[in-house]
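K.L.:
Chain by chain, the residues:
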Amino acid sequence: MTEITPQLVADHGLTPDEYQKILDLIGRTPTLTELGIFSAMWNEHCSYKSSKKWLRTLPTDGPQVIQGPGENAGVVDIGDGLAVVFKMESHNHPSFIEPYQGAATGVGGILRDVFTMGARPVAALNALRFGSPDHEKTRHLVAGVVSGIGGYGNSFGVPTVGGEVNFHPRYNGNILVNAMAVGIARADEIFYAKATGVGNPVVYLGSKTGRDGVGGATMASAEFDDRIEEKRPTVQVGDPFSEKLLLEACLELMASDSVIAIQDMGAAGLTCSAVEMGAKGDLGVALDLGKVPCREDGMTAYEMMLSESQERMLMVLKPDKRVEAEAIFTKWGLDFAVVGETTDTLRFVVDHGGQTVANLPIKELGDEAPEYDRPFTEPPVREALAAEDVEAPDALDDALLKILGAPDMCSRRWVWEQYDHIIQGNTLVRPGGDAAVIRIDGTEKALALTVDVTPRYCEADPFEGGKQAVAEACRNLWATGATPLAITDNLNFGNPERPDIMGQFVAAVRGVGEASRVLSAPVVSGNVSLYNETNGQAILPTPAIGAVGLIKDVAAHATIAFKDNSDAILVIGAPPTGHLGQSIYLREILGREDGPPPPVDLDAEKRAGAFVADLIQRGRVNACHDVSDGGLVVALAEMAIAGDVGAICELPDDGLPPHAALFGEDQARYVVTTPPVRVDSIIARAEADGLFAAWLGTVGGERLTVEGHLSISVARLRETHERWFPAYMAGSGSE
Amino acid sequence: MKAVIVQFPGTNRERDIAHAIEVAAGAAPQFVWHAETSLPACDLIVLPGGFSYGDYLRVGAIAAHAPIMADIVKKANDGVAVLGVCNGFQILTEIGLLPGVLMRNADMTFVCRDVHLRVETTDSVFTRAYRRRQVITVPVAHHDGNYFADETTLDALEADNRVAFRYCDTNGAIDPASNPNGSQRAIAGILGENRNVLGMMPHPENLIEMALGGTDGLGLFEGLAQAAA
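Quick mapping for you: the protein sequence lines, in order, are chains H and E. When the letters of the first sequence are read in order and numbered with the working numbering, they come out as residues 1 to 735. When the letters of the second sequence are read in order and numbered with the working numbering, they come out as residues 1 to 229.
Read the hints as simulated data drawn from the structure, not as lab findings. The reader is advised that the hints may include incorrect statements.
Claimed, not checked - Below, in silico cross-link-like pairs of lysine-lysine (DSS-like), each with a Cα-Cα straight-line distance of 27 Å or less:
#	chain 1	residue 1	chain 2	residue 2
1	H	Lys552	H	Lys606
2	H	Lys52	E	Lys75
3	H	Lys53	H	Lys402
4	H	Lys137	H	Lys402
5	H	Lys21	H	Lys52
6	E	Lys75	H	Lys445
7	E	Lys75	H	Lys291
8	H	Lys194	H	Lys137
9	E	Lys2	E	Lys74
As the structure is a prediction and not an experimental result, all values here were calculated from the model.
Chain H on its own, in the form it takes in the complex (with noise of 0.2 Å):
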């Protein structure tokens, strides 16, 4: 037997004091096999350990709210009979080390997540980040990611209608690739991970179990180094095709009504499964490893339990369904093996080859896993930047060209078209807008979904950061006419061993669980991603946030190209006060980084969202988008290059230099265009509201004019917007 070394505890990720609470938890030395189970369940990406005391503040409950974090995925009621079923995961540190792998899968053990709980999924989105264009690795990593997430979202079959691609040097030696999914679901015939029942069978279903991915959450929950690839092997291999097949059975299954209990065999595969299965419904659960589907020959129960061989599930069934099942699942070409069953002893059991290699107590296991209160420091608090203090460009049209240009900004066509976004014939607005928008199948209704975090507003001040990802996620549903149900997080952060990430994390977590609140839109399920270092190099900090909206009337719903000419131009929200701290403007333009990110009012957030949202529903508006990276100025552009026509436009008169009032980050503004019959009363209306409202100008022409300021053709804009992202990945791009 392998003597248990401290060595060997370190090889595992536990603390010499998590090795001696294990001790005193089972009192004996553990077996190798044990010490794999509590590596896996107790690392910081199974255990949330470092971040659960701050999870625990974020609201999570709402009328809507059908299932909150702590399943597979959260579940929000959209009438009809319907639920929405969503999560969003990372699979950041497998990305870096093998990107097509690493971002396939993570795509479908967010898909599995997603119909575990009987949802089909109806949508992917994904969140982006990469190291500066000019790193060694950005190229070869974004075409590796993209075309990961593409032929696993491609070949399942669902479509990938939405996300973010960032650049930023922060991300060199660590990437982020945060998946999300969304599935639609029965509101009566959720499924969940909690066993019943004494003696049930335990059945594993879908593909074999090999080697690869043993230890993959453990690898997960560390810092990078120069050694990393030599991590290769941790990486699983996806198969979308048998992905397609096991969410077809599952399916089918669960119509039959004999599913008691599933869980997806993710991070931890077997181990987490089968722990938390029994754990929640206060069962044991005893195993025979001999009986399950192995695509290698002499696999050892410790590889066993860790392997993280993708497409796997894990089901309690109904004894006398078994047959059903099992032909089910034979007419899918799937594995179906009875592999134990549910026990009344509260313990883990796992035999194999007639031995017991581990038996533990499995509450434990879950509930004592080590929670931290971790020391941190109150982020330092940027000094202002007066809009004053910030340099005017050279020229406004030269300036605006640079950043529809900029790697950060320019379309992300590149990347979407390799998703397939339109299978299942129900996308209604395609991706490059604010939220995609998705009809739902048999109703008159519809769901807006989009995804977004500004992590430079994030590291300059965490707390108005996260609040800011919460407001911008909501902003991008009201502006297609939605209503936010909820919202979803993956927060990335660096090592929370040091207090000054950990008090990033803090202070985000704290804005983002008050947007939640202020706005309506509790966090229904999440992730946590930390660790995301390389030699001591923290990433930025990266509270992604997946939104959810409903529309409820499909007719109405806006999308962000101008459209009739002489449609007049409103902006409608918080007044401008020309804020450049932080902003796209001054980091493309002036090469600066400096100054607080701009203060997100969330009370204005909620009265703009109503009124746009509102405007729109009721047939008011022919277009709207929100004003965010860039300011005013990049969303005009945007709705004029999406609408193929110009427009002729005024600053308002409000003492702002002209390079704030265009590049400015206020939040809580939309752009809107409505015919000039109904101006008046819109913008008195918003006054009415207490919100600003000004007209801007007129749709038309070729050209968007800024009167007195800039002046360039809609197919300059264009070619300068549509250039930077092709041009870079053929490798001739200016880097």
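Put chain E on the given structure of chain H with help from the hints.
P.N.:
The following block gives chain E in isolation, referenced to the frame of chain H:
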């Protein structure tokens, strides 16, 4: 019209095309599993898009050996209309109902976008509802849509008026910039010798209503429904 949609493991656009057929013909198609050995009597057999058997081997290669295939070939030879879209087109070339092969896209990446197609012939049940030289907008979504055949085959296809659709610009002009995958002679879809088999890479089923951005795809299904009426 009685339509049958063949499902392989890995097929993923069967619901999309079933919906389009139902909208155009007013009757829901019947699904048939790949492991069956015979099809019911029908007016139209559809091989839908997807990644049959994962397409881990050459695309469509394994599907060509599915148990249901022999009856599809027989019915095609008996004159039943057979429509293969995307993966279905790839399968039709693998079983020899259509000539040529679909290779990986010229730029090696998956492509999903609306493209313009020029209707090259109206002499088929699939294209009868369009006008000759009409330019229609239909999306593509594929990784392997680069049509290749030898020059003799291509010449024969053209001589027999069997090129159904070509990629073109908004005005119907054929140019490399409008060709999303590098297909020879900008070929997007071809007919079999008896004109009752059509294989095409674009997805007419995904653009059949204004809410989704256009209705140009509907004509194909309406033409089929009219022909069967």
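K.L.:
Each hint: holds or not?
P.N.:
Taking the hints in turn, this is what the structure says about them:
1. H:Lys552 to H:Lys606: holds, 19 Å
2. H:Lys52 to E:Lys75: violated, 62 Å
3. H:Lys53 to H:Lys402: With a Cα-Cα distance of about 44 Å, the restraint between Lys53 of chain H and Lys402 of chain H is violated, given a limit of 27 Å.
4. H:Lys137 to H:Lys402: Since the Cα atoms of Lys137 of chain H and Lys402 of chain H sit roughly 24 Å apart, the hinted pair holds (cutoff 27 Å).
5. H:Lys21 to H:Lys52: Holds: Lys21 of chain H and Lys52 of chain H sit about 19 Å apart, inside 27 Å.
6. E:Lys75 to H:Lys445: This hinted pair is violated, its Cα atoms lying about 41 Å apart.
7. E:Lys75 to H:Lys291: Between Lys75 of chain E and Lys291 of chain H the Cα gap is close to 45 Å, so the pair fails against 27 Å, i.e. violated.
8. H:Lys194 to H:Lys137: violated, 43 Å
9. E:Lys2 to E:Lys74: Holds: Lys2 of chain E and Lys74 of chain E sit about 18 Å apart, inside 27 Å.
Checked against the numbered hints above, the structure breaks hints 2, 3, 6, 7, 8 and satisfies the rest.
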